[in-house]
Amino acid sequence: MYTSSNPYRPIRTEVLATLEETPSIRTLRLKPEEQISFETGQFVELTVPGAGEAPFTPSSEPSVKDVLEVSVMRVGKVTERIHALRAGDTVGLRGPFGSGYPVDEFVGKELLVVGGGCGFAPLRSLMYELFRRSREFKKLLFRGGCKTPKDFLYREQIQKWRERDDLDIELTVDEADGDWQGKIGVVTTILDDLDMEPQTGVAVVCGPPVMMRFATMKLVELGFKKNTIYLSMEKNMSCGIGKCGHCRIGVYYTCSDGPVFRYDRIGECANLWD
Amino acid sequence: MNPMFISATNLRFVLDELQSRYSVLVPVRDGDGLFYEVLSSTRVVIGEVRAVEPLKSFFFRAKQIVAENYSDSIPGSRNKPLCIVAAKACDLKGFRVLDAVFMGDDYVDPFYADARKRNLIISADCTTALDVCFCLAVDVKPFPDANFDINLSEVQDGYVVQVGSEKGSGVVEEYADYFQEAGAGQLKQRDEQRSRVREQVRANIRNNGVPAQERLAGAIVRNFDNLLWQEEAETCVECGACNTICPTCHCFLLSDQLSDRDLTRYRLWDSCLIKDFAQVAGGANPRQRLWMRLRNRFDKKFAFFPEAYNIYACTGCGRCIAACPGKIDIRKVLKRNVENVHE
Numbered sequence: 000m001y002t003s004s005n006p007y008r009p010i011r012t013e014v015l016a017t018l019e020e021t022p023s024i025r026t027l028r029l030k031p032e033e034q035i036s037f038e039t040g041q042f043v044e045l046t047v048p049g050a051g052e053a054p055f056t057p058s059s060e061p062s063v064k065d066v067l068e069v070s071v072m073r074v075g076k077v078t079e080r081i082h083a084l085r086a087g088d089t090v091g092l093r094g095p096f097g098s099g100y101p102v103d104e105f106v107g108k109e110l111l112v113v114g115g116g117c118g119f120a121p122l123r124s125l126m127y128e129l130f131r132r133s134r135e136f137k138k139l140l141f142r143g144g145c146k147t148p149k150d151f152l153y154r155e156q157i158q159k160w161r162e163r164d165d166l167d168i169e170l171t172v173d174e175a176d177g178d179w180q181g182k183i184g185v186v187t188t189i190l191d192d193l194d195m196e197p198q199t200g201v202a203v204v205c206g207p208p209v210m211m212r213f214a215t216m217k218l219v220e221l222g223f224k225k226n227t228i229y230l231s232m233e234k235n236m237s238c239g240i241g242k243c244g245h246c247r248i249g250v251y252y253t254c255s256d257g258p259v260f261r262y263d264r265i266g267e268c269a270n271l272w273d
Numbered sequence: 000m001n002p003m004f005i006s007a008t009n010l011r012f013v014l015d016e017l018q019s020r021y022s023v024l025v026p027v028r029d030g031d032g033l034f035y036e037v038l039s040s041t042r043v044v045i046g047e048v049r050a051v052e053p054l055k056s057f058f059f060r061a062k063q064i065v066a067e068n069y070s071d072s073i074p075g076s077r078n079k080p081l082c083i084v085a086a087k088a089c090d091l092k093g094f095r096v097l098d099a100v101f102m103g104d105d106y107v108d109p110f111y112a113d114a115r116k117r118n119l120i121i122s123a124d125c126t127t128a129l130d131v132c133f134c135l136a137v138d139v140k141p142f143p144d145a146n147f148d149i150n151l152s153e154v155q156d157g158y159v160v161q162v163g164s165e166k167g168s169g170v171v172e173e174y175a176d177y178f179q180e181a182g183a184g185q186l187k188q189r190d191e192q193r194s195r196v197r198e199q200v201r202a203n204i205r206n207n208g209v210p211a212q213e214r215l216a217g218a219i220v221r222n223f224d225n226l227l228w229q230e231e232a233e234t235c236v237e238c239g240a241c242n243t244i245c246p247t248c249h250c251f252l253l254s255d256q257l258s259d260r261d262l263t264r265y266r267l268w269d270s271c272l273i274k275d276f277a278q279v280a281g282g283a284n285p286r287q288r289l290w291m292r293l294r295n296r297f298d299k300k301f302a303f304f305p306e307a308y309n310i311y312a313c314t315g316c317g318r319c320i321a322a323c324p325g326k327i328d329i330r331k332v333l334k335r336n337v338e339n340v341h342e
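If you read the protein sequences in the order shown, they are chains A and B. Heads up: the first sequence begins at 0 in numbering that gives the first Met the number 0, then just goes up one per residue. Heads up: the second sequence begins at 0 in numbering that gives the first Met the number 0, then just goes up one per residue.
Keep in mind the hints are simulated off the structure, nothing from the lab. All of these numbers come straight from a predicted model, not from anything done at the bench. Every residue, glycine too, gets a C-beta built ideally from N, C-alpha and C. It is possible that part of the hints are untrue.
Claimed, not checked - Here are a few chain B residues that face chain A, going by a calculated C-beta distance under 10 angstroms: (1) D71; (2) F101; (3) V107; (4) F223; (5) L226; (6) F251; (7) S254; (8) D261; (9) P285; (10) L289; (11) W290; (12) K299; (13) E306.
Claimed, not checked - One-sided and incomplete, this derived list gives chain A residues near chain B with beta-carbon spacing under 8 angstroms: (14) N5; (15) K30; (16) G49.
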């Protein structure tokens, strides 16, 4: 929860470093003047002075308290300006907001994490936390997909995930290039033959709307219960504190009741995936 | 405290006195309607009906600086507190809705909360009803029975005074010389007037077939895919007047001043009828079509609010009916939702 007496005011924050991840995604390493202690899956609002504000879920380790990272896809006015930022620039941060992944509820279970494209950003933060506590889970599976191999975020890092013996990982791309050694096809095509029991397992899904829709439908088809599928919803979260009205879905505000929702809670909402 | 009486002259004196501590806002007539002004020599209208503009304008301002340069101070918090005079019962319900939004959650909006906590609300009975009034259908009587500091009921030569809070009681005690105990005749006049206005509103509701809010439970959700939304939206021009004029609409936009050196953040009223309201930067928009956004307005007020805050976010003030250039009539839309329940 953001504890400032004025919840609209951003905390002055220094850009420590920026890194080009893919042609359209950059990662920023940020050091706020006041500590922002987030739980994995919660989000922050990043202000570029003079340009505006946009919500991002940190992609870094929640246990690291003084510095955090966000990975930003260039899609609009604010993100265009974020991509122009360089080390030493000043930005603003508000947060953390909303509710993150309920990792404690995953304990003792078989856990599947499904990611697509820019959804790897929140999921990297989750994976750091899951790896830190990996002995607490019965099994850990990761299934991820992107359009092409060059669209993978954290490519070298994920390469190292492949070497872990506490993780069963499979990656796919829609269109391969010469070097690609993983599977080819959309992410739903690598969800068959999972080495786990869907009926008693837990699934986390994060990615672009279309991918989330089809992955969720696939999980239900495979036998996952709706109340054990966790979705990271992206809506127009602006104020972050459940007041401005932009991010409502059904009886919830994505910013304060989410952004992580159990599928059974929001499954019936109109235009959920739009 | 028993009901008191204050003469029109003495009330004016007390209001003048209150100006030393409060910014005293009073309704005055301008053309067809009543508008709020800072108390001056103009004739103050205590009775009649609600003003044209909603009272939210003074607490949740249309445009307000909410952050400057990373400082956690609250810009504007040292302003003189507000004394709102002759607030009508529908607008008091508007406060209940906005209080729930801005003060009732984990997060408190410091601007709204500061203005509300320090304000003095001197409400008043309606002495007539407009054609568009339908407050009784949404659990509001045309006279305040709670949520005020002091209430005034217009009677001959003055007002019956009801105290509704400790703050109100303090004011009456401070100016005790100007108040006297209300007589039985004055109370009778007040009660007769209340019955008369109540009957006027009842007739409005009957003539327009406005359903009582209890009948709306679940109706919007049941009618979600009904064609009525597309039909009702045919004349909508996406102007957002219904939002800005509504005493319960609270949606806003945070907009940063375009400057590379300083950060000035404004909070501006926003409208859920405007196309990009729910759109994200990537282009996804859960309410692409205008009829979906009109439906959203009703969904929010008559489905979301009862579920999330246990209150229907409509005050029956009829402002949106009067403001809509497309003549979309909330009474008719609600009626259609109830009629269509069994389809």
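We went through each hint and held it up to the structure:
1. Evaluation of the D71 of chain B hint against chain A yields a held restraint, the C-beta minimum of about 5 angstroms falling below 10 angstroms.
2. Annotation: interface hint on F101 of chain B holds; nearest CB of chain A at approximately 6 angstroms, less than 10 angstroms.
3. At its closest, the beta carbon of V107 of chain B sits 8 angstroms from a beta carbon of chain A; the interface hint therefore holds under the 10 angstroms criterion.
4. Because the beta carbon of F223 of chain B sits about 6 angstroms from the nearest beta carbon in chain A, less than 10 angstroms, this interface hint is met.
5. Nearest Cβ of chain A to the Cβ of L226 of chain B: about 15 angstroms, over the 10 angstroms cut. The hint is violated.
6. Taken as an interface hint, F251 of chain B checks out: its beta carbon lies about 5 angstroms from the nearest beta carbon of chain A, inside 10 angstroms.
7. Checking S254 of chain B against chain A by beta carbon gives a least distance of about 7 angstroms; that is within 10 angstroms, so the hint holds.
8. Hint status for D261 of chain B relative to chain A: holds, with the closest Cβ pair at about 7 angstroms, below 10 angstroms.
9. For P285 of chain B, the interface hint holds, since its Cβ comes within 10 angstroms of a Cβ in chain A; the closest pair sits about 4 angstroms apart.
10. Here the hint on L289 of chain B is broken, as its CB sits about 14 angstroms from the closest CB of chain A, past 10 angstroms.
11. For the restraint placing W290 of chain B at the interface with chain A, the shortest Cβ-Cβ distance is roughly 12 angstroms, beyond the 10 angstroms limit, so the hint is violated.
12. Because the smallest distance between the Cβ of K299 of chain B and any Cβ of chain A comes to about 7 angstroms, under 10 angstroms, the interface hint for this residue holds.
13. This hint holds: E306 of chain B has a C-beta 5 angstroms from the nearest C-beta of chain A, less than the 10 angstroms allowed.
14. Checking N5 of chain A against chain B: minimum C-beta separation of about 5 angstroms stays under 8 angstroms; hint holds.
15. Look at K30 of chain A: its Cβ only gets to about 14 angstroms from chain B, farther than 8 angstroms, so that hint breaks.
16. For G49 of chain A, the interface hint holds, since its Cβ comes within 8 angstroms of a Cβ in chain B; the closest pair sits about 5 angstroms apart.
Checked against the numbered hints listed earlier, the structure breaks hints 5, 10, 11, 15; every other hint is satisfied.
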